[in-house]
Structures are given as structure tokens and as C-alpha cells.
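Undergrad: As given, the protein sequences belong to chains Z and F, one line each in that order.
Take 36 as the starting number for the first sequence in our numbering and just add one per residue.
Take 292 as the starting number for the second sequence in our numbering and just add one per residue.
Simulated from the structure, these hints should not be mistaken for lab results.
Note that the Cβ used here is the ideal one computed from N, Cα and C, for glycine as well.
Nothing false has been slipped in among the hints.
Straight-line distance between alpha carbons at most 25 Å, and here's what the computed DSS-like set of lysine-lysine pairs gives:
hint	chain 1	residue 1	chain 2	residue 2
1	Z	K309	F	K406
2	F	K490	F	K406
3	Z	K309	Z	K202
4	F	K402	Z	K317
5	F	K495	F	K406
6	F	K402	F	K495
7	Z	K202	Z	K317
8	F	K402	F	K490
9	Z	K309	F	K402
10	F	K495	F	K593
11	Z	K309	Z	K222
12	F	K307	Z	K222
13	F	K307	Z	K202
14	Z	K317	F	K406
15	Z	K317	Z	K222
16	Z	K202	Z	K222
Quick look at which bits of chain Z chain F covers, simulated, 3 or more residues with Cβ under 8 Å:
hint	stretch
17	53-67
18	279-293
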Amino acid sequence: MSRGRTQEAVFRVLMLLSLAVVTVSLVGIVAVVLVKGAPALSVEMLTRTPTAGYYMGGGGGILNAIVGSLLLAVSATVLAFFFSIAVATYLQPEFSSSRPANAVRTVLDLLWGIPSIVYGVICFVIMAFVGIGTSLLAGIAALTLLEIPIMTRVMDESMSTVIPELKVSAHVLGSNPAETAVNVVWKQAGPGILSAVLLAFGRGIGDAASILFTAGFTDFIPRSLLDSAAALPTMIFFLSTSPMPEVRGRAYAAAFVLLVLVLVVSVVSRLLTKRLSRYVVK
Amino acid sequence: MPTSTEKAPPPFRHAKAVLFRRALQLAAFVVCAFLFVVVAVLTYKAAFLLRHESLPDILFSSEWNPMRGRFGFFPIILGSIYVTGLAMLLAVPVSILSSIYIAEYVRGYGKHVLKSFIDVLAGIPSVVYGMCAILVLVPWVRDGVAPLFGVSSTGFCVFSAALVLAVMVFPIIISVCVDVFQAVPQETREASLAVGATKWQTTKLVVLRAALPGVFSAVLLGLGRAFGETIAVAMLVGNLPRVPRSLFDAGATLPSIIASTYGEMMSVPRYDSAMMLLALILILVVLLFNYLARLIKRNFEKTQLGEGA
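Hey, can you work out the whole structure from these sequences and the hints?
TA: Quick look at the structure:
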């Protein structure tokens, strides 16, 4: 018995140590970004695009990346939404039998696992084929592809939890599967659909690998879909190894903005989902 | 029998429903087709290089000289194995121990808070991990760790990349593992405790054993993510396609070499074909890991449901 006790004590210590390692390293990353990024922030940084000599320590801010990131991620999320809600609805038992549905789920899980650089490469090949260069359009396409599997799988899980009695009731009252899906399932799964959208948005706005060769990089705010677009992640990637401390400061500022954006979206999504699920019939 | 109070049905109800169903089917078909398109495009593009050189030559040659059309993948593949292997070696024990603690030892609200905390942090963009590592980890490895082992290092090396990769897969493995442990039916724990086992004995001999396939699938998911992680590794590993002489030497991984050379490759013949072949190998390995993970998880869920019922 006492050997068991000793083992229990040893493993308890090991488990606490592990949890401490995980917590400290993750909190440490947030802390480093906030501590390094906060001093680099200023009104100019957030409201100006780069000016002459930017990469040698000249003036200007990171507005090009902030606007670029929002344009890329918001458009990609909107496009992915229409696609994902269709696929997620298809996966419900009213529209597919279990074998094809599970096959599609497997494909989605596989797509979720594909490294984002591969989405970038594929879009790059298509761009070369069609004959367009690095552009906002290509970046949006890459991010949309990246977001679809994430969004669809989370929507699917929330639609699957809609209680069957409600669907049966709608059916009994004479509505067909399409009407039930739109009026009952989508509304009941609303909080889950919202959190799926926000989760995918968070992934999209933070991803650098897929937009590296597709969206390109520019000092200007894009004026058309065929202009190149800067983004926060690519800006961090390019500037954080710069030899000039002022230029590195912009990477820290960009990381601060990006991290705050991602964390706020994630926390707001949790709170909203919790609040909205009060109106869901359980 | 129609009565005067009955309202006319909205027009085209049936047609709309049929159209709706067809649209959903089309969307699902497009998603599935896309996976095949990805593999097909990469294969088609990679075939160009394979017509000129044999696959074993490419895989086991160490000569990387794009200007002369020599693409030896061996150092890159080895670099990927080193970085991913070391990262998993560090991440797996820490993640599993943490998730056991969260699932079995923390009660009530604390558990909810810890799980949400891990999930929120799983969303930190990888470029942020990379930047923090350049700020903190690289100087530490350069001035602290490498001299300890008697080697000089720039800090941009296999070890740094593996360390930050380990931190990046913590949330993935922990998040899946906690769910897996919680899926083990409560009755199994109670039965073990009732015959006199301690809490840890129950965890080790009953919960962990029942959850083992699920844990394995979590590790595979983490492995797939680590193998494909691009930006953070590209920022840290040094991106030199040569066999690293030590853990503190620069190397390259499959995704990192794609990310760092993609822009310049168009001017050199066969370069893009070589990159496509790298991407193809990358995607096939990741798909294999993820497929196995899914297979094991499905089996686990089936058996757990069977036992729990």
C-alpha cells in the first residue's frame, strides 16, 4: 500500500510539473508579445501606411497589414460560410445516409489536417495557370479553402446536437426537410454556427503560410481584388528578423494587434455562444 | 377536403426543397473532389521532375544544388524527422500527464477554466510562436544551451525549432486527450475504487488503459500538425538543406524549405517541380497520420459506447 502511495505522490508531482510547463510556456508567449508589443504601439503605428525608407527605420505604421488582414480574413470567412453551411446541412441525417456522410466527414478531417502551406502552393499553381499574380483575390481563395473544413466540422457538430423531437414536430406540421433545416435546425444550431464562424475567422486571420505566396506583400492598402495585399502574419514573418530595431518594433506591434484580435475573438465567441444557447431548446 | 379557411401554400415549395437538396449535395461533392484535385495537381506537377530523375535518387541524395538541377531531398527529410521527432519526444509525456491531471484530478469549475484556457491558447497564430522564440529562445540556445554542450550555435537550429514545435502541439494533444479521458465511463472508475485501488492506481490501470487508443490518436494528430507546421519552423530552423551535424546546427524541414524558397524558384527549371514533389510527400505523410488517428478514434468511441451502455 505504501508503495502505491509513493507512486501516487511522485506522479502527482510530475503531473503538476507538466501542467506548470504547459501553462508557463503558453502564458509566457502571450506575456512576451504584450510586453514587447505595447511600447511599439502608437497612434501613428495603427493609422499610417509605410512611408519612404520604412525598411531602414523610416516612418509610417502597420495600417497596410491591419487593413489587408481584415479584408482577407473577413472575405474568406464570408465565402467559407456559404459553402460550409451547405456541406454541414448535407451531413445531417435528413439529407444523407450515414455512409456518405461519414465519408464526407473523413474527407473534411483530412482537409483540416492539411498543412496550410499546401493550400498556398495549390492556389499558387492555379494563379500561374489562370495568369494572375499575387493578389488579394488569391489570398482570399487560399484562406477560404483553409477555413472551410474547420467551419464545416464545427457547424456539423452543433447541428447534430439539435434534438430530433423538434425536427419531427416540424415534419408533422407539414414542413419539408429544406424548410425544417432553414427554420428549425439553423436557428437551433445558431450559437454553434456562430462559434464555428468565429473559430474559422481566428484561424484565417492568423495564418501566414497560405497567404505568403498568394497575397504577396505591399506597402499600400489594396484598391482592387487584383492588387497584392499585406497582412499581419506575413508582416511579422518578414520583419521580425530585420537587423534594424525600429523595423523589428513594427513586427512586435503587428504581433500585439494580431494576438489581441485573435484572443478577443476567441473569448467573445465563447461568451456569446454561452449567452445565446439560452434560447436553444434542449 | 379543402375548406375556405385553408391558406394557399407558398409557391414552388416542392421545387425549392429539391433545389436545396441538390445544392447541398453539390457542395459536399465539391469538398470531396477538392481533396483529389489537390493530390492530383501535386502529382501532375511533381511528375515533371520524376521523368528526369528516379525517385530513390531524389530521396536518398544529399546534393542540393537547384542551379545545376540537383535536388537531393535526404537532408530535408532527415531534418523533418529530427525536428518532429524531438518535438514529439518533449511534448507527448508533458501533454499526457497534464491532461490526466486536468481530466481526473481537477474538479468542477477549475476543470472548465483550464480546458477553455488550453482551447483559447490553441488559437495563437504560429507566426506569433515563431516571433516569441526568436526573441527569447534563440538567444538562450545560442548563449546558454549550446555552450553547455560545447558547441557554438547561432540559435537558429533544430533544437530551437523542436522546442517551439513542442509548445505548439501541447494544446492539440491535451485538448483531445482530456475529452478521451472523460469519455471513459464513470462506472469503471467506481468499480476500481470500490475494490480498494488508490486514485492513481485507478487512473493508471483502468482509465489510462481504456483510453489508450484515444491517447494514441491524439498523439498522431499532434504528429501530423508538427510535421506540417511551416511558419514557426521556417523562422527558427535556419533553412539550410544539409544534414545537421548536431541538434544545434541549422537544418530544414519539408514545409520550411517550401516556404523559404518558393518565391525564387520560378526562374530555375525543375525547381517548382521539386517543390511540388516535396509538397506531395508532405501531404501524403500528413494524410496518413490523420487517417490513422481518425480510424483509431472511431474504434475507440465504438468500444467505449459498447462498454458504457
